[in-house]
Amino acid sequence: MGIVSFNYWEDQYMKMTKNQKWTLASTSAGNGLLETDSSFISFAMTPIIAEMHISGAEGGMMITANDIGMLIGALIFGMLADIFGRVRVLTYTIFLAAIATTGMYFAHGIFFIYVMRFIEGLGDGGEYGAGVTLIAENFKHHKIGTLESVANSIGELGSILSALIAAVVIPLWGWRTMFLFGLIPVALAFITRKNLNENPDFLKNVRERRLHHHHRIPNLKRLFETPKIAWQTIAIMIMAMVEEAGYDGLLSWLPSMMQKQLHVSVTDSSLWTIATVIGVGAGAIAFGKLMDAKGARFAFTTFFIASAISVYAIPMSFNAITLIIAATIVGFFVTATYSGYGVVISRLYPMDIRATANSFIENMGTLFGGFAPMAIGFMMQYSSIKMIMLMLSLMFILSLVVMLSIPNLKKLSIKEAAEKA
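Each residue of the sequence shown is one higher than the one before, counting from 1 in the working numbering.
No lab work stands behind these hints, which were simulated from the structure alone.
Backbone N, C-alpha and C define an ideal beta-carbon position, used for all residues, glycine too.
Among the hints, a few may not be true.
[What the hints assert, rightly or not] DMTMM-like cross-link-like pairs, simulated, lysine to aspartate or glutamate; straight-line CA separation at most 20 Å:
hint: 1; residue 1: K228; residue 2: E137
hint: 2; residue 1: K221; residue 2: D352
hint: 3; residue 1: K21; residue 2: D201
hint: 4; residue 1: K15; residue 2: E137
hint: 5; residue 1: K143; residue 2: D201
hint: 6; residue 1: K21; residue 2: D352
hint: 7; residue 1: K289; residue 2: E51
hint: 8; residue 1: K411; residue 2: D201
hint: 9; residue 1: K204; residue 2: D352
hint: 10; residue 1: K21; residue 2: E137
hint: 11; residue 1: K140; residue 2: D201
hint: 12; residue 1: K21; residue 2: E198
hint: 13; residue 1: K18; residue 2: E208
hint: 14; residue 1: K140; residue 2: E198
hint: 15; residue 1: K18; residue 2: E198
hint: 16; residue 1: K18; residue 2: D201
[Stated by the list, open to error] Here are the in silico distance ranges between beta carbons for each label pair:
hint: 17; residue 1: F84; residue 2: T322; range: 42 to 52 Å
hint: 18; residue 1: F190; residue 2: F106; range: 19 to 29 Å
hint: 19; residue 1: L180; residue 2: V401; range: 37 to 47 Å
hint: 20; residue 1: E51; residue 2: K221; range: 38 to 48 Å
hint: 21; residue 1: N195; residue 2: F318; range: 44 to 54 Å
All chains, full assembly: derive it from the sequences and hints.
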């Protein structure tokens, strides 16, 4: 069965319960919101920098402000999801992110943009933890990797749509009008709240905690309660940081890089970004199926090594065709591991702190990885694209070494292999 077999996916979908279908659909759409926003800001980056008369590093801060908001949102909404439920938090965070994205239309100063990006990040940070935990708790373990990847891949359609919107809207009406499309996910929030139900095991867990008078607020100290667990938490953060640096750094700056290096238009940049997104979607599904089939360690090792090599395809591009090929290859490998972190975290941490762990760990990585656009913006002024790719390549090697040092991940891979035997 190929990773793109329509009949296979149709068969899998028909076997799902109604709530499983809504879980996958709402999480996929929520991911689409994240990807749409990321692509919008990448296309708006160049005109905003020109209009606001700011430096590349200050432009990169638009991404960083969002990532800081994601961390704070992850802490707040992750805990709320473990207390009051994943569905409620998913709904509210989608609504918050949509309103903040639309607020970019009214931006007339860089400080206002930073504020909107920060608020949008609050919603994004909470949405991720709630969404990934919902999938982990509503499907069997040996399917989670593939389904998390499917949710992320479907979400990538938002990036393709935003690239098409940018190609049409920016030349005609300017970058502000593009952000008005951020209102669309508001409807999703209401539909999700009406149709999606909490997992029965989670509701049982909540009742038991209340019965035994356990602390209602999840304690972050539990993510660091022993040296082994502390290193596990930090290691996954580092892995998430590298993935975010590759994603934000490349996808946010790729259009600008190509506009400068190959002297192309925003419309042409949109086509190459679409190629990247197609690669991301295909890579995510391939990674998820490999993870379910061979285990987390094998899948991460394969894709980290491939990522370290593939980034060099970008500076080797010399025309439109070679750039499309390079963008697809880089997209396939560099960001494919994103969905794997939620799967691993959901297996390594208990239910009563699972959403908090997913939100906190992933978004701490996102925060530090979010400084990559600012660093790349600085390097673009004083260095070459080849040096930028060398830096990213070495980061993927670091991520590989860190991943192999997690004891519980090795035990999990052995356990998964035994379950399949």
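Item checked: Restraint status (C-alpha distance of K18 to D201 at most 20 Å) -> holds (17 Å)
Item checked: Straight-line alpha-carbon gap K228 to E137, limit 20 Å -> violated (25 Å)
Check: For the pair supplied as a hint, K21 and D201, is the alpha-carbon distance within the 20 Å limit?
Finding: Given that 20 Å is the threshold and the Cα spacing comes to 18 Å, the pair holds.
Notebook entry, point to check: Is it true that the CA of K221 sits at most 20 Å from the CA of D352?
Noted result: It holds: about 13 Å lies between the C-alpha atoms, which stays within 20 Å.
Next item on the list: Quickly compare the C-alpha distance for K18 and E208 to 20 Å and report which way the hint goes.
Entry: Between K18 and E208 the Cα gap is close to 26 Å, so the pair fails against 20 Å, i.e. violated.
Next item on the list: Decide if the proposed pair is consistent with the structure: K15 and E137, CA atoms, cutoff 20 Å inclusive.
Entry: holds (17 Å)
Checklist line | Pair hint K204 and D352, alpha-carbon separation not exceeding 20 Å | finding: holds (11 Å)
Check: Is the hinted pair K143 and D201 satisfied, with a Cα-Cα distance of at most 20 Å?
Finding: holds (18 Å)
Margin query: Run the distance test for K21 versus E198: straight-line Cα separation, threshold 20 Å.
Written below: holds (13 Å)
Check: Okay, E51 versus K221 on CB: inside 38 to 48 Å?
Finding: holds (46 Å)
Check: Are F84 and T322 spaced within 42 to 52 Å by their CB atoms?
Finding: The hinted range 42 to 52 Å holds for F84 and T322, with Cβ atoms some 51 Å apart.
Margin query: Check whether the Cα positions of K289 and E51 lie no farther apart than 20 Å.
Written below: Outside the cut-off at roughly 45 Å; violated.
Against the hints set out earlier in the document, violations occur for numbers 1, 6, 7, 8 and 13.
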